[in-house]
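2 protein chains.
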Amino acid sequence: METTTTTLAEYLFKRLHQLGVDSIFGLPGDYNLQLLDYVAPSRLHWIGSCNELNAGYAADAYSRVKGIGALVTTFGVGELSAVNAIAGAYAERAPVVHVVGTPVRESQESRALIHHTFNDGEYKRFDRMQEHITVAQAILTDHRSAPAEIDRVLQQCLLHSRPVRIAIPLDMVSLRVPKMALEHKICVPLPCRQPQLEDKALKAILDRMYSAKKPVILVDGEVRSAKIMEEVEHIVKSTEWPTFTSGFGKSLVDETLPNVYGVFTPRYKDFIDSSDLVLCFGPHFSNTNSYLYQTVPQQHKTIFFHPTSVQIDSEIIRDLPANHFLPQLIGHLEVAKLNRYTCNFDHPSSVAPPDVQASDLVTQAGGFWHRMSSFFQEGDIILAETGTASYGANEFRLPPKTRLFKAVTWLSIGYMLPATLGASLAQHDLIARSEYHDFLEARSILFIGDGSFQLTAQELATIIHRKLNVIIFLINNDGYTIERAIHGRNQGYNNITPWRYLKGLEFFGAPTEGEYAAHTWQVRTWGDLEKVLTDERMIKGKGVRMVEVFMDRLDVPPPLDRILEMQIERENGVQ
Amino acid sequence: METTTTTLAEYLFKRLHQLGVDSIFGLPGDYNLQLLDYVAPSRLHWIGSCNELNAGYAADAYSRVKGIGALVTTFGVGELSAVNAIAGAYAERAPVVHVVGTPVRESQESRALIHHTFNDGEYKRFDRMQEHITVAQAILTDHRSAPAEIDRVLQQCLLHSRPVRIAIPLDMVSLRVPKMALEHKICVPLPCRQPQLEDKALKAILDRMYSAKKPVILVDGEVRSAKIMEEVEHIVKSTEWPTFTSGFGKSLVDETLPNVYGVFTPRYKDFIDSSDLVLCFGPHFSNTNSYLYQTVPQQHKTIFFHPTSVQIDSEIIRDLPANHFLPQLIGHLEVAKLNRYTCNFDHPSSVAPPDVQASDLVTQAGGFWHRMSSFFQEGDIILAETGTASYGANEFRLPPKTRLFKAVTWLSIGYMLPATLGASLAQHDLIARSEYHDFLEARSILFIGDGSFQLTAQELATIIHRKLNVIIFLINNDGYTIERAIHGRNQGYNNITPWRYLKGLEFFGAPTEGEYAAHTWQVRTWGDLEKVLTDERMIKGKGVRMVEVFMDRLDVPPPLDRILEMQIERENGVQ
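In order, the protein sequences belong to chains C and U. Just so you know, full-length UniProt numbering puts 285 at position 285 of the first sequence, and the rest follows in order with no gaps. Just so you know, full-length UniProt numbering puts 164 at position 164 of the second sequence, and the rest follows in order with no gaps.
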């Protein structure tokens with residue numbers, strides 16, 4: 001009989017492992033120590049993080065690469081430190097499982113006055129707070145229903161690609177539960193055919209596609225969470241229609257394809273407004289992902305493919321999950337009936353960056369982001385933190401099989417450094433499973449401003465000690481430059497304390513010699529940059545490499561340059 | 001007419017300044033930039049913090065010294081990062097004002113899809129989440145009621161000594177409001193005399209006091225938030241009764257008084273149980289503040305003085321605010337009627353630490369905490385982070401006019417380093433107002449483990465660049481030693497990454513020469529420690545001084561030593 005049961009903790013962790021969690025983030029705490037005893041036996045790698053916010057950010061990034069991510073925190077103090085990360089996962093659709101170790105049920109039921117509470121016997125506050133930022137919650141109290149509760153919330157996590165929370169009292173960790181259900185991996189509930197709806201939608205879409213003279217395709221970021229990246233790339237390739245991405249969608253379709261023109265910036269607006277059909281996949285139109293709504297396509301000529309619905313003109317046809325419906329559309333599509341046309345834009349890959357001299361200072365106008373593109377390789381994950389980096393990233397020319405992380409809507413500064421930990425570990429774990437294309441190694445490359453770096457800098461230690469293949473370009477522009485562009489360009493509140501950034505590697509314990517020796521550089525001119533990018537230690541080094549790139553306090557990429565001009569005009573009384 | 005109004009932002013910040021906020025913590029963000037324009041004109045010092053959690057911790061500590069503290073964050077991303085700190089302020093009664101800059105009302109009302117939201121038009125989530133961790137909330141939407149709303153929540157903050165939240169839409173910041181109310185500082189509503197209740201309570205208490213043969217006094221931590229420190233010290237002095245404190249109460253009564261015997265540890269339990277009356281002031285009986293409830297005095301012989309009630313036996317007489325009732329008790333008390341007696345305990349100040357040799361390694365058993373006491377001076381604030389430091393701090397012998405911060409109930413590791421920033425700034429601001437006793441300078445001295453240090457390490461930068469008089473003793477015991485004592489003493493999840501801690505000062509930008517040059521030391525033996533404590537650079541240095549003290553991974557003070565033994569017994573099958 002023994003073999004028909006397992007512990008509740010193992011049930012949970014094995015479920016996570018089945019779904020693709022190989023590494024799990026978090027910190028120990030008084031109410032999760034016994035739970036953590038089951039991590040390694042369940043074949044998960046424990047990644048002790050420096051704090052819970054960082055663990056949450058790392059799990060978020062891990063999930064965006066690997067399809068699921070998880071962290072473990074402790075009741076109250078631990079879980080509350082992570083809520084900003086969990087909220088960001090909700091906003092931008094990252095499937096994160098937040099496991100919280102809670103006090104034994106006897107304490108909770110007797111309203112005992114214990115630490116990590118408000119000393120008032122009320123234990124439910126943290127549950128209530130996190131209902132607002134998770135798509136499903138399980139508060140485990142009974143071993144009989146616990147496995148099904150775990151499965152329920154994990155399904156919701158996958159279905160919506162949004163975070164869930166599982167609270168486990170310390171005294172339930174080692175309770176026995178049936179292990180039979182573990183024989184089958186959890187699946188997202190399958191959609192049923194909805195013939196009437198599907199026929200209606202297919203006819204309307206195909207009619208519009210066949211009659212379009214000047215159609216375009218717009219790929220936005222929710223194609224990742226809707227799991228339709230392959231289908232969308234198929235449509236982009238087979239139609240050969242001019243294709244753009246949003247910032248969120250960038251890297252989700254191969255932008256070396258001849259008909260993919262990079263990010264839909266306002267300079268393309270007239271062209272897209274003059275089209276007669278827009279196929280818009282995975283739309284996510286926050287102000288920051290749409291150049292203040294300038295690049296939202298006109299509704300009357302657009303077909304929007306949402307995660308579970310299709311919108312044609314003003315009509316929303318629901319109950320058509322995109323990853324179920326798009327294969328049908330592809331199956332019915334007769335490409336011979338489509339109009340092909342050429343548009344006059346140069347492909348971004350054929351546009352040269354501005355001319356500069358080796359002795360010139362590195363600047364935005366000199367094409368920093370554009371120039372960095374030559375450094376990128378297939379398999380790279382490139383991360384561009386909120387700020388000038390995130391806007392600059394729209395200028396990147398990305399090789400195939402790369403992924404770009406950039407700030408989209410949540411825009412919590414500090415996210416990208418722990419996200420680099422998470423993304424790099426996801427690469428590492430995929431390579432270990434032979435599931436990362438055919439690569440045997442791969443880099444994660446972070447671009448981050450000095451201001452953002454300060455919020456979560458300590459997670460660099462975890463990157464170092466996990467021996468991850470990470471390169472960091474720290475843009476030192478002496479403060480919160482993006483805020484200076486928006487308001488207060490000369491105000492003290494946009495200043496930060498000056499650090500000796502490159503000393504961080506030594507502080508956080510990086511080896512100074514040997515295979516994983518860390519290397520650092522400072523860059524002020526284009527000549528400096530060229531030397532760094534061709535340095536053997538950069539190219540062949542295995543330890544963390546960190547480059548401090550100095551830029552002016554007010555050197556910003558579009559559209560921040562225009563926002564800064566407007567601020568100056570306001571100050572000068574020009575409205 | 002112009003002079004009868006001011007801006008809403010100035011109204012808020014001037015109110016805070018009137019109440020004692022001289023320095024305000026926080027970070028700029030898109031929805032608070034214009035609000036921050038009013039900080040300096042309102043005579044507040046802006047303390048840009050490295051992240052919002054740290055800002056919250058700093059504001060909490062500032063408030064515990066100065067009677068009120070404040071931080072400013074931005075909508076969503078900023079405020080959620082601070083919630084753990086706000087919750088801690090609630091749990092341990094710190095009067096913190098959390099000001100959040102929110103999007104313009106037009107965005108909120110039109111449900112615009114903007115950044116720092118979930119891109120779904122729902123703006124109320126963060127309000128709802130924080131109702132659970134604040135004692136009052138103001139969501140400003142109308143300039144006519146805004147000043148009264150601000151005043152209402154500030155009163156609640158002071159009345160309960162607990163955090164409040166004020167949300168200000170960006171487009172309300174510069175609206176005009178009447179400034180007349182600013183002529184009078186906000187007061188906590190005064191209590192009315194309740195003659196019947198007061199007479200009953202006074203009679204019962206005085207009867208018990210006059211008849212007691214062997215009474216004792218117990219001072220717990222809520223005497224600070226109840227604002228009865230002076231009254232309690234008066235009673236301790238005038239009764240001359242044997243007095244103990246809890247860990248939370250330590251330093252809140254002058255422990256050099258001959259009848260104050262330090263922390264009520266289980267070794268005094270028999271004595272206190274044998275007493276016939278306990279006067280217990282500001283009780284706060286969480287498990288961690290009461291040696292797992294061992295030191296909760298017996299109810300039938302104890303009079304509990306709560307913030308707004310008195311409990312005598314099982315009867316609670318409410319509506320007797322302690323800071324109103326205790327002066328009455330003192331006024332009626334005839335000390336000549338009290339029994340005096342001597343107890344046989346040595347005063348802690350007369351107990352010598354264990355004998356050690358200069359070449360011996362520094363250990364808990366060798367009396368590290370006790371020995372450190374000779375280093376303390378009047379005016380010091382001493383901070384002992386959760387972990388071995390917090391338990392060890394019970395051994396400190398504190399001079400008069402010192403304050404001890406130690407983990408009590410919330411126990412969020414990472415708190416104490418930013419708290420050191422807040423406490424040191426509060427000292428600085430009090431000295432500037434000539435309100436810090438008669439001191440012209442004062443030190444803040446932090447004891448923190450390596451594990452806790454990693455969570456919030458970057459706030460050291462703010463301490464450095466504000467030129468604060470801070471000394472840090474970092475206990476390097478190679479991981480989460482307190483967790484190892486509880487469970488998993490050999491488990492990997494209690495490990496941390498090894499840093500070169502003393503390099504942090506250089507990394508964070510500390511001067512290497514000049515008046516504020518930082519100094520560092522490493523200590524392994526008692527001889528090393530002695531050298532450091534007598535080093536001129538330590539004694540006369542003005543920059544941050546940091547000492548790395550190495551201890552064994554399992555070297556813990558009581559009662560953690562017993563908890564560790566129990567773990568080992570469990571592993572060996574001894575229950």
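Calculated from the structure, these hints are not laboratory results. Careful, some of the hints might be misleading.
Any copy will do: because identical chains look the same in the list, a pair fits if it lies in one copy or spans two.
Said to hold, decoys possible - With a straight-line Cα cutoff of 30 Å, these simulated DSSO-like cross-link-like pairs (lysine-lysine) come out:
| hint | residue 1 | residue 2 |
| --- | --- | --- |
| 1 | 200 | 301 |
| 2 | 467 | 503 |
| 3 | 531 | 200 |
| 4 | 213 | 542 |
| 5 | 503 | 531 |
| 6 | 503 | 542 |
| 7 | 540 | 503 |
| 8 | 237 | 540 |
| 9 | 200 | 503 |
| 10 | 200 | 227 |
| 11 | 14 | 203 |
| 12 | 237 | 531 |
| 13 | 200 | 542 |
| 14 | 269 | 227 |
So, going through the hints one by one against the coordinates:
Proximity of residue 200 to residue 301 under the C-alpha cut-off of 30 Å is restricted to the intra-copy arrangement: shortest distance 18 Å within a copy versus 81 Å between copies. In the homo-oligomer, the alpha carbons of residue 467 and residue 503 lie at most 30 Å apart both inside one protomer (18 Å) and across protomers (21 Å), since each shortest distance falls under that limit. Neither within a single protomer nor between protomers do residue 531 and residue 200 lie at most 30 Å apart by alpha-carbon distance, with minima of 59 Å and 85 Å respectively. When the C-alpha separation of residue 213 and residue 542 is checked against a cutoff of 30 Å, the pair qualifies neither within a copy, at 51 Å, nor between copies, at 75 Å.
Taking the shortest alpha-carbon separations for residue 503 and residue 531, both the intra-copy value of 21 Å and the inter-copy value of 28 Å come in at or below 30 Å. For a Cα distance limit of 30 Å, the shortest separation of residue 503 from residue 542 qualifies both inside one copy, at 18 Å, and across copies, at 23 Å. In the homo-oligomer, the alpha carbons of residue 540 and residue 503 lie at most 30 Å apart both inside one protomer (21 Å) and across protomers (27 Å), since each shortest distance falls under that limit. Neither within a single protomer nor between protomers do residue 237 and residue 540 lie at most 30 Å apart by alpha-carbon distance, with minima of 35 Å and 72 Å respectively.
Within a single copy, residue 200 and residue 503 get their C-alpha atoms no closer than 62 Å, and across copies no closer than 67 Å, so neither meets the 30 Å cut-off. For the identical chains of this complex, residue 200 and residue 227 are intra-copy neighbours only, at 23 Å inside a copy versus 72 Å across copies, given an alpha-carbon limit of 30 Å. When the C-alpha separation of residue 14 and residue 203 is checked against a cutoff of 30 Å, the pair qualifies neither within a copy, at 44 Å, nor between copies, at 65 Å. When the C-alpha separation of residue 237 and residue 531 is checked against a cutoff of 30 Å, the pair qualifies neither within a copy, at 38 Å, nor between copies, at 73 Å.
When the C-alpha separation of residue 200 and residue 542 is checked against a cutoff of 30 Å, the pair qualifies neither within a copy, at 55 Å, nor between copies, at 77 Å. Within a single copy, residue 269 and residue 227 get their C-alpha atoms as close as 27 Å, which meets the 30 Å cut-off; across copies the closest is 64 Å, which misses it.
In this structure, the earlier hints numbered 3, 4, 8, 9, 11, 12, 13 are contradicted, and the remaining ones agree with it.
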